[in-house]
Amino acid sequence: MPPASSAGATPRHLVRLHDLEPSAIDDLIDHAQRLKRRAARADLVGRTIGMLFFRGSLRTRTSFEAAVHQLGGHTINLNASSDFWELEDREGTVMDGKAPEHIKDAARALSHYVNALAIRPAPAGQSWAVDRRDAQIASWARHSAVPVINMESALWHPLQALADMMTLRESLGELKGRRLALVWVHSPEPASLAVPHSLLVPALRAGMDVSVAHPTGFGLDDGVVGEAQEAAARAGTKLAVGGSLEDAVRGADVVYARSWQSLEDYGNTTLAASRRARLSSWRVDRKAMELGRDARFMHAMPVRRNVEVTDEVLDGAQSLVQAQAENRLHTQKALLAMLLKVSGAA
Amino acid sequence: MPPASSAGATPRHLVRLHDLEPSAIDDLIDHAQRLKRRAARADLVGRTIGMLFFRGSLRTRTSFEAAVHQLGGHTINLNASSDFWELEDREGTVMDGKAPEHIKDAARALSHYVNALAIRPAPAGQSWAVDRRDAQIASWARHSAVPVINMESALWHPLQALADMMTLRESLGELKGRRLALVWVHSPEPASLAVPHSLLVPALRAGMDVSVAHPTGFGLDDGVVGEAQEAAARAGTKLAVGGSLEDAVRGADVVYARSWQSLEDYGNTTLAASRRARLSSWRVDRKAMELGRDARFMHAMPVRRNVEVTDEVLDGAQSLVQAQAENRLHTQKALLAMLLKVSGAA
Amino acid sequence: MPPASSAGATPRHLVRLHDLEPSAIDDLIDHAQRLKRRAARADLVGRTIGMLFFRGSLRTRTSFEAAVHQLGGHTINLNASSDFWELEDREGTVMDGKAPEHIKDAARALSHYVNALAIRPAPAGQSWAVDRRDAQIASWARHSAVPVINMESALWHPLQALADMMTLRESLGELKGRRLALVWVHSPEPASLAVPHSLLVPALRAGMDVSVAHPTGFGLDDGVVGEAQEAAARAGTKLAVGGSLEDAVRGADVVYARSWQSLEDYGNTTLAASRRARLSSWRVDRKAMELGRDARFMHAMPVRRNVEVTDEVLDGAQSLVQAQAENRLHTQKALLAMLLKVSGAA
Numbered sequence: 001m002p003p004a005s006s007a008g009a010t011p012r013h014l015v016r017l018h019d020l021e022p023s024a025i026d027d028l029i030d031h032a033q034r035l036k037r038r039a040a041r042a043d044l045v046g047r048t049i050g051m052l053f054f055r056g057s058l059r060t061r062t063s064f065e066a067a068v069h070q071l072g073g074h075t076i077n078l079n080a081s082s083d084f085w086e087l088e089d090r091e092g093t094v095m096d097g098k099a100p101e102h103i104k105d106a107a108r109a110l111s112h113y114v115n116a117l118a119i120r121p122a123p124a125g126q127s128w129a130v131d132r133r134d135a136q137i138a139s140w141a142r143h144s145a146v147p148v149i150n151m152e153s154a155l156w157h158p159l160q161a162l163a164d165m166m167t168l169r170e171s172l173g174e175l176k177g178r179r180l181a182l183v184w185v186h187s188p189e190p191a192s193l194a195v196p197h198s199l200l201v202p203a204l205r206a207g208m209d210v211s212v213a214h215p216t217g218f219g220l221d222d223g224v225v226g227e228a229q230e231a232a233a234r235a236g237t238k239l240a241v242g243g244s245l246e247d248a249v250r251g252a253d254v255v256y257a258r259s260w261q262s263l264e265d266y267g268n269t270t271l272a273a274s275r276r277a278r279l280s281s282w283r284v285d286r287k288a289m290e291l292g293r294d295a296r297f298m299h300a301m302p303v304r305r306n307v308e309v310t311d312e313v314l315d316g317a318q319s320l321v322q323a324q325a326e327n328r329l330h331t332q333k334a335l336l337a338m339l340l341k342v343s344g345a346a
Numbered sequence: 001m002p003p004a005s006s007a008g009a010t011p012r013h014l015v016r017l018h019d020l021e022p023s024a025i026d027d028l029i030d031h032a033q034r035l036k037r038r039a040a041r042a043d044l045v046g047r048t049i050g051m052l053f054f055r056g057s058l059r060t061r062t063s064f065e066a067a068v069h070q071l072g073g074h075t076i077n078l079n080a081s082s083d084f085w086e087l088e089d090r091e092g093t094v095m096d097g098k099a100p101e102h103i104k105d106a107a108r109a110l111s112h113y114v115n116a117l118a119i120r121p122a123p124a125g126q127s128w129a130v131d132r133r134d135a136q137i138a139s140w141a142r143h144s145a146v147p148v149i150n151m152e153s154a155l156w157h158p159l160q161a162l163a164d165m166m167t168l169r170e171s172l173g174e175l176k177g178r179r180l181a182l183v184w185v186h187s188p189e190p191a192s193l194a195v196p197h198s199l200l201v202p203a204l205r206a207g208m209d210v211s212v213a214h215p216t217g218f219g220l221d222d223g224v225v226g227e228a229q230e231a232a233a234r235a236g237t238k239l240a241v242g243g244s245l246e247d248a249v250r251g252a253d254v255v256y257a258r259s260w261q262s263l264e265d266y267g268n269t270t271l272a273a274s275r276r277a278r279l280s281s282w283r284v285d286r287k288a289m290e291l292g293r294d295a296r297f298m299h300a301m302p303v304r305r306n307v308e309v310t311d312e313v314l315d316g317a318q319s320l321v322q323a324q325a326e327n328r329l330h331t332q333k334a335l336l337a338m339l340l341k342v343s344g345a346a
Numbered sequence: 001m002p003p004a005s006s007a008g009a010t011p012r013h014l015v016r017l018h019d020l021e022p023s024a025i026d027d028l029i030d031h032a033q034r035l036k037r038r039a040a041r042a043d044l045v046g047r048t049i050g051m052l053f054f055r056g057s058l059r060t061r062t063s064f065e066a067a068v069h070q071l072g073g074h075t076i077n078l079n080a081s082s083d084f085w086e087l088e089d090r091e092g093t094v095m096d097g098k099a100p101e102h103i104k105d106a107a108r109a110l111s112h113y114v115n116a117l118a119i120r121p122a123p124a125g126q127s128w129a130v131d132r133r134d135a136q137i138a139s140w141a142r143h144s145a146v147p148v149i150n151m152e153s154a155l156w157h158p159l160q161a162l163a164d165m166m167t168l169r170e171s172l173g174e175l176k177g178r179r180l181a182l183v184w185v186h187s188p189e190p191a192s193l194a195v196p197h198s199l200l201v202p203a204l205r206a207g208m209d210v211s212v213a214h215p216t217g218f219g220l221d222d223g224v225v226g227e228a229q230e231a232a233a234r235a236g237t238k239l240a241v242g243g244s245l246e247d248a249v250r251g252a253d254v255v256y257a258r259s260w261q262s263l264e265d266y267g268n269t270t271l272a273a274s275r276r277a278r279l280s281s282w283r284v285d286r287k288a289m290e291l292g293r294d295a296r297f298m299h300a301m302p303v304r305r306n307v308e309v310t311d312e313v314l315d316g317a318q319s320l321v322q323a324q325a326e327n328r329l330h331t332q333k334a335l336l337a338m339l340l341k342v343s344g345a346a
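Chains as they are written, first to last, in our numbering: chain Y, 1 to 346; chain Z, 1 to 346; chain X, 1 to 346.
Hints in this document: simulated from the structure, not taken from any laboratory. Some hints here could point you the wrong way.
As the list claims (entries may be wrong) - Taking lysine-lysine pairs in the DSS-like style, the calculated list, with each CA pair at most 30 Å apart, reads:
1. Lys36(X) <-> Lys36(Z)
2. Lys341(X) <-> Lys36(X)
3. Lys287(Z) <-> Lys98(X)
Said to hold, decoys possible - Just the calculated beta-carbon pair ranges, DEER-fashion:
4. Ala273(Y) <-> Val130(Z): 50 to 58 Å
5. Ala122(Z) <-> Glu246(X): 39 to 47 Å
6. Gln33(Z) <-> Ala145(X): 17 to 25 Å
7. Glu230(Z) <-> Arg34(Y): 38 to 46 Å
8. Arg234(Y) <-> Ala317(X): 42 to 50 Å
Backbone N, C-alpha and C define an ideal beta-carbon position, used for all residues, glycine too.
Turn these sequences into a full structure, and let the hints guide you.
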């Protein structure tokens, strides 16, 4: 899993948010805030962004398309279900199997037509050891002549994390010394780990202490936690992993809830469902929130009301979920401006 | 089933056409006619309209997208089949079932991204008592911060009715004293009741007498008929319901054909098919048309040729079906201008 | 199978490339080359192109949408799988079967909304005698009031052939006296015959000699070969059909590979798969290419690497596959300008 770009340089693609330096993230957020106050029309006129969805999307698709349109550009939408086919990502293979085309050829061809490719790959879902390689998004980034934007892979969801960082900054101001509780919550149908994974390093680097709470068997990816621990050590911040929801929330400034899947049961839906069924008490309610320090509530949505979190918390004054959703739009505009080097770029 | 807006005021959303006063409908038609003569470019530049299809569409999707494009705006298209998921519409529920997201949260999030939401919900199709509540479109209208446009729910299809009113006006001029025959016709696969439902009140209010013909077991929704009878009483027009196709067409200025489903067999496809199979004589042909008073023929399409109506009638000089289709474009432009309060609005 | 337009006149639709005179093809290529050098913005502002896909597409959809966008226009995308339904193409039929709508009515209605219709029909796949009639695209062309563009039917893929002609011209300059080897290659899942069919007549008319190589049972459509032989006779060029890959490639300037389906096994997938299984030696590799005269390699993609052609050839300096893909964009712009009669048209 080599980084898509060496840290320090402006990456050509956006595969992981922490491929951007903290200062680059700050610049993006500043630009997004200017765009939020006054919808300045950066110049995507005559530019087309190709969007490839190998899995469904509501918020990401709509906020991304709207960002492009408001900047004057066009989008082209391709759905795996109806528009195209499985693509090969291994190099040098004899393609006598299911995939009739290699990502290499698709990426090169599409690079002639569009100015950037935004991609949501579909992990195979059989083996975490395989899926954690993020081979598809890596193959697109390797072969595309235009910027590739990761719209959520098995490991990373940089667009969500960028909007989350902006929302944290807007709500808390200076992040140094603030405490973020990243808490697992119950759901009959879990989400990917990409959202918690992506926020870890940027939050730690920005000066926050982070506590990750989850039941046994729901640990984050070891490699990602390792990277986060290194980032914490360098930034002088603290990362605590494991333990109860209540312990994590105690004294936190922000409670970020997400129901992610178990890597231990990965690919075994029966076992996974039975493990989750015993964990319905992992839910954020008012009582839990009161353990925090005037704590805000965050969630990337979609959210199962009164399962993951109560209506009261979700609709309460401390809820930042709508700000997170709105900031998807503004941060994606700033990001497009940066990657496509158009006017108004940070 | 409370109205989405009190009659009299300009509604914020468009859920039912008769939430608009007759004079407001006239204004829309006047504006649409100006747009038809000269494709003036009202200003949707920089605006994006989100379109959510929980069921398929050909005419509605294409005419609506074209209307937005010709006004300079963008559309974003979301298909339930490939892009997103079932949404919850009940308030306060514990969401541990199939729907991973509440319309409340989807509507709020999408309101950040787009300037209006055009929605075609999919009725569950099990119970008319449930589906007639139109709970989905009502939930979208309740929670959206931007205008919601109903692209055909279980009960209503206001966009079709608006184009139909324009077509009637263009073809007949003054509508007072004119007679509209709304006739059930045979089809192996029936359509919804939304089209006949939506035209009733606007036509009666505009001064037309309306005869609805249908076989036993194919009555319109009782609540809708009740509303229409009240509207007729207030407008001094006549509404006759039930009886044969021939009786309805006799002396009519317009014959509007539609094969709608039976509410008595609702949710029971086997029974419904067997009931319909006996009714293949309910078809509009030249002989039937000659019972009218130089009668025009209307149909909202899609239409099964030589089953619902003969080629001869459909392709004849008295057929208004292509005018109806074309007027979808112009009336939708006028409607967008009104709801989004852009230049050129009526 | 009458031509969609009489040869000589500029056709209103584009169903087959060879409905265009050689000089008209040359004019299109000249215009495309000017657009390639300098992306002059012809005027599609305010125009909308409807795209109907009854089968999936990656390159065609993306390159076509990008062409429209770069010219300032909009596209509307309709997928058979999610947006609409089977359409009837037979005239005068009693429509009590599966199709709820006639192409006649759909084409007329859509003609009100869009400025052109680009269509990829789905052949039924049961009988070649039926599918070779190309009844769907013919019905769209007959009933549409706006230009119809064939995005690949059972018989023809004119958009690919136009890009191929441009690529040949760019790579070889004068085509007179050049030799094109059109060779069948192995694949577990064959493609349609539309690509080889479409290139035959334009290449022969442009002065090329063409050798078509294929195993027994994989002959092209007899009617198409007959037309091509007539074209060769008139142009004074040679067409050789049948024989080995090696014989065809010997002395060729260009090797064009395609794995097309067998018309003898048409509709019988089991038989077809067993016939193909014995033919895995039909593959283009360096040894085969060296039989040519400094030969270029062409393929319309998608391509199964190391099955149809080796990585070495596909990624080598003689490979024109990316130029073919890129030229889809430029030629489609020139074509749209011609059919819609907008500025900059050839």
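For this session: Using the Cβ atoms, figure out if Ala122(Z) sits within 39 to 47 Å of Glu246(X).
Result: violated, 57 Å
Exercise. Between Lys36(X) and Lys36(Z), does the CA-CA distance stay at or below 30 Å?
Worked result: violated, 37 Å
Exercise. Taking only the CA atoms, is the gap from Lys287(Z) to Lys98(X) under or equal to 30 Å?
Worked result: Within the cut-off at roughly 27 Å; holds.
Problem set entry | Pairwise beta carbon distance, Ala273(Y) to Val130(Z), judged against the given window 50 to 58 Å | violated, 29 Å
Exercise. Arg234(Y) and Ala317(X), beta-carbon distance inside 42 to 50 Å?
Worked result: holds, 46 Å
Exercise. Holds or violated: are the alpha carbons of Lys341(X) and Lys36(X) at most 30 Å from each other?
Worked result: This hinted pair holds, its Cα atoms lying about 19 Å apart.
Exercise. Honestly, do Glu230(Z) and Arg34(Y) meet the 38 to 46 Å range at C-beta?
Worked result: violated, 54 Å
Exercise. Between Gln33(Z) and Ala145(X), is the Cβ distance one that fits in 17 to 25 Å?
Worked result: Holds, at about 21 Å.
Violated hints, listed in ascending order, are 1, 4, 5, 7; each of the other numbered hints is respected by the structure.
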